[in-house]
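J.: Chain residues, written in single-letter form:
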Amino acid sequence: MEADGEEIALRCTGIERRFHGVVAVTGIDVAIAKGEIFGLVGPNGSGKTTLVNAITGFFPPSSGEIRLNEKVTTGLAPYRIASLGVARTFQNLALFNGLTVLDNILLGRHIHMRPSVWRTALYWWAAQAEEAANREKVEEIIEFMQLESVRDELVDDIPIGVKKRIELARALASEPSLLILDEPMAGMNQEETEYMARFILDARDERDVTVLLIEHQMDVITGICDRVLALNYGEMIATGTPSEVVSDPRVVEAYIGGSREPV
Amino acid sequence: MFYRLSGVRHFSYTGDRSLYRIPFERNAALALLAAAILAPWIIGELTLTSLVQPWLIWTSAALGLNLVVGWAGQLHLGYAAVMGVGAYAGTHAARSGVPWEIAIVLAGFASMVIGSVFSIAALRVKGLYLALTTLAMQFVIDWSIVHLSVVSGGALASLRAPDMSLLGFEINGTAGLYYVALAWCVLVTIFMMNLRRSALGRALMAVREKDYAAEIIGVRSFVFKLVAFAASSFIAGVSGAVLIATYYHIVTPDQFSTQVSIQVLAMVIVGGLGSIIGTYLGTALILIMPGLVAALFHGATELFDLRIGVETLAHLPNAAYGALIMGCLLWEPLGLGRLYHNMRSYLIAWPFGYLKK
Ligand SMILES: Nc1ncnc2c1ncn2[C@@H]1O[C@H](COP(=O)(O)OP(=O)(O)OP(=O)(O)O)[C@@H](O)[C@H]1O
Ligand SMILES: [Mg+2]
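For the protein sequence lines, the chains are A and B, in the order given. Under my numbering, the first residue of the first sequence carries the number 1, and numbering increases by one thereafter. Under my numbering, the first residue of the second sequence carries the number 1001, and numbering increases by one thereafter.
The hints are simulated quantities; they were obtained by calculation from the structure and are not laboratory data. Warning: the hint list may mix true and false statements.
Below 30 Å or equal to it, Euclidean Cα-Cα: the simulated DSSO-like pairs (lysine-lysine) are [as the list claims (entries may be wrong)]:
1) A:Lys34 - A:Lys163
2) B:Lys1126 - A:Lys163
3) B:Lys1210 - A:Lys137
4) B:Lys1126 - B:Lys1210
5) A:Lys163 - B:Lys1210
6) A:Lys137 - A:Lys71
7) A:Lys137 - A:Lys163
8) A:Lys137 - A:Lys34
9) B:Lys1210 - A:Lys71
10) A:Lys34 - A:Lys71
Whole structure, please, built from the sequences with the hints as guidance.
T.: Laid out in C-alpha cells, this is it:
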C-alpha cells in the first residue's frame, strides 16, 4: 500500500522474520506517511510485536528492507535506530525500577545528552547546564502527560495505568519522529484508555510524531487511526481505513476464528 | 522540625538537583567533614591510624566496586586484583623516582587499562558467567604478580614503598598520611554523589535494570558496562596505591588476594548496592568484624570452656562475612544503606507517621 504524494516516515518491504524455522511474519509491505496514526491489529500471536521488533532492531528481519525517512536501517542495532528518532513502548512495560519517575523520563533524553566520566566528575562545570536544559524539556513532557504529582516517586510502586503513561512520556522525551506503541492501553480502564487516546492524538498534533499503534480494542483503532493494517498468522490480510479493515470479512474471520472476542 | 522537605523550595532545576536537598543534611555533612578534618586533634593517634584511616581508604575502594556492582549491576569478584595492579604500579613508579602525586595517578591508569582489557573479554558473558570470568581475572593477576619477579620481586618478597611526599612536601606524620586518605575518600564520594544526578549514572542504572529497554532509548549497554569497569578500576588502582603509600608502606602479593576481593564485595553488599552512606557503614562493619568475632569467641571460650583452635579462629571472620552477605541478601537486599534510608524517611514524616514516605 502506498500513500501517494506524501512523505514516508517508515517503509517496510518484503519483511519476513523466522524463529528457528517458525515463520513469525512474512511478506509485510507497508509505508506509513509522516504524521499518520497507523494501526496494527491482529489476533494474539499474529506477529505484531515481531514486526515492531524487526523495525526497532531487536530481532532484525530475516529478509526484507526497512527504511526510516527513506534511509535504509535494516539490521542496525537498537541504539542506532533510537538515535535516528525511533522511540517505542513495550507490551509488558519496561520502566527502570529503583529510579524515580523523573529519572526514568530523563533517561528518554539520553540521545540528546553526553554522559561521560569526566562530565560527572566535573559536574558543576561540565554537566549542570546540560542537566538543567534537558530537565526543562522533561518538565514540558511531564506537564503534557499530567505526571506532576508522581514526579519524585519511585516507579516501582506506581499503578499500571500510570506506568503506561510514564513509558509514553519517556518515549516522547527523546523527541522521536516515529513513535511505536505496543498495546499502550492494555490493562487500563475506560477512562484511562480515553485519556491515553487523547495523549496519542495530541502527541501527533503538537509534537509532530508519526505513530505506529498496536491495539486490540477496535473502538480505539477506529477512533484515532488514519489507516490500519491487519495481520493474521504473520501475513497481511487487510489494509485501509479503519472502517474498511474492521468490516473486511477476512479480519472478522480471523478474530472469530482466533482467540479473541469478535469485534 | 529540622528534618523536613516541606518549606524547602528550590526555584531552579539546578537547585532541585543539589547534592543535599534538605538543608539539615547539608549542614550535617559539612559538620562531619569538619570533624574529619579536625580528627587528628580530637581522637587518639592509634585510633586515627589503625581504624579511621583504613576505613577511609577501604571505603574509597568499596565505592569504586559499588559503581560496578551497585550502579551498573555487574558482579565483580576480582576487584582486589585490580587494586593490586595499582598498588604495584604506584610503588614501582615511586621507587623509580616518580613523585607520588604522579605515581598515584599512574597507578589509577595502570589499573584502568588492565581492568578494561579484562572486562572487554568478561563482558561478552552475563550474570554468573561474568562473575566467574572476573574471578579468573583475579587468579591470573595474582599468579602474574607472584610469578613475575620484575613485579613482585619474588613470591615471598615485599617491596618497600618510598616515603610519601606530595608536590614537594614530605608527608610523614600520622596526620599528614591521614589527610591524604581523607582527601581521596572525599573525592571519590563527591564523584559518586554526582553520578547519582548525572546522565552517566542514569545510563548505568538503566543498564542494570533492563538492558533491552536501555538499548531502545539509545544506551549502548556494552559501552556503559565497560565505562563502569574502567572508572571503577581507576578508583581501585588509586585506592590500592594510597593504601600502600599511606598505610601498609610495603607491598606484598597476598595483600590483594581473592579473600580481599570477597571482603570488599561484602562491604558493598552489606552496606547496600548503590548506596554511598551504606558503603561507609558496610566498610566499617566488615573492618571491625574480625575483631568482634575474635572477642566474641574469646569470651565464649572462657565462659563455656570451649576449645577452638587458632586455625578455626582465623577462619571465623570469613564465615561471618558469608553469613552477613547471606543475611543481607535474604532480609535486606539493599543493606545498611536501606536501613539508613528508612530511618530518614521516618524522620522526614515524623511525627506524622501515617503520611506516606
Ligand atoms: N523471540 C522469539 N522466539 C521464538 N518465537 C517467537 C519469538 N517472538 C515471537 N515469536 C513467535 O512469533 C509469533 C508472533 O508473536 P508476536 O509476539 O509477534 O505476536 P503478537 O501479534 O504481538 O501477539 P500478542 O497480541 O499476543 O502480543 C508467535 O507465534 C510467537 O510464538
Ligand atoms: Mg505483542
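J.: Look at each hint and say if it fits the structure.
T.: Here is how each hint holds up against the structure:
1. With a C-alpha separation of about 27 Å, the suggested pair Lys34 (chain A) and Lys163 (chain A) falls inside the 30 Å cut-off, and the hint holds.
2. Between Lys1126 (chain B) and Lys163 (chain A) the alpha-carbon distance is near 28 Å, which keeps this suggested pair within the 30 Å criterion.
3. Simply put, Lys1210 (chain B) and Lys137 (chain A) have alpha-carbon atoms about 24 Å apart, close enough for the 30 Å limit, and the pair holds.
4. The straight-line distance between the Cα atoms of Lys1126 (chain B) and Lys1210 (chain B) is roughly 13 Å, inside the 30 Å bound, and the hint therefore holds.
5. Restraint check for Lys163 (chain A) and Lys1210 (chain B): the C-alpha separation of about 15 Å stays at or below 30 Å, so the hint holds.
6. With a CA separation close to 28 Å, the supplied pair Lys137 (chain A) and Lys71 (chain A) stays within the 30 Å bound.
7. Restraint check for Lys137 (chain A) and Lys163 (chain A): satisfied, since their Cα atoms lie roughly 20 Å apart, inside the 30 Å limit.
8. A threshold of 30 Å between alpha carbons decides the hint, and for Lys137 (chain A) with Lys34 (chain A) the separation of about 23 Å falls inside it, so the pair holds.
9. The straight-line distance between the Cα atoms of Lys1210 (chain B) and Lys71 (chain A) is roughly 29 Å, inside the 30 Å bound, and the hint therefore holds.
10. Straight-line distance between C-alpha atoms of Lys34 (chain A) and Lys71 (chain A) comes to about 14 Å, which keeps the hinted pair within the 30 Å bound.
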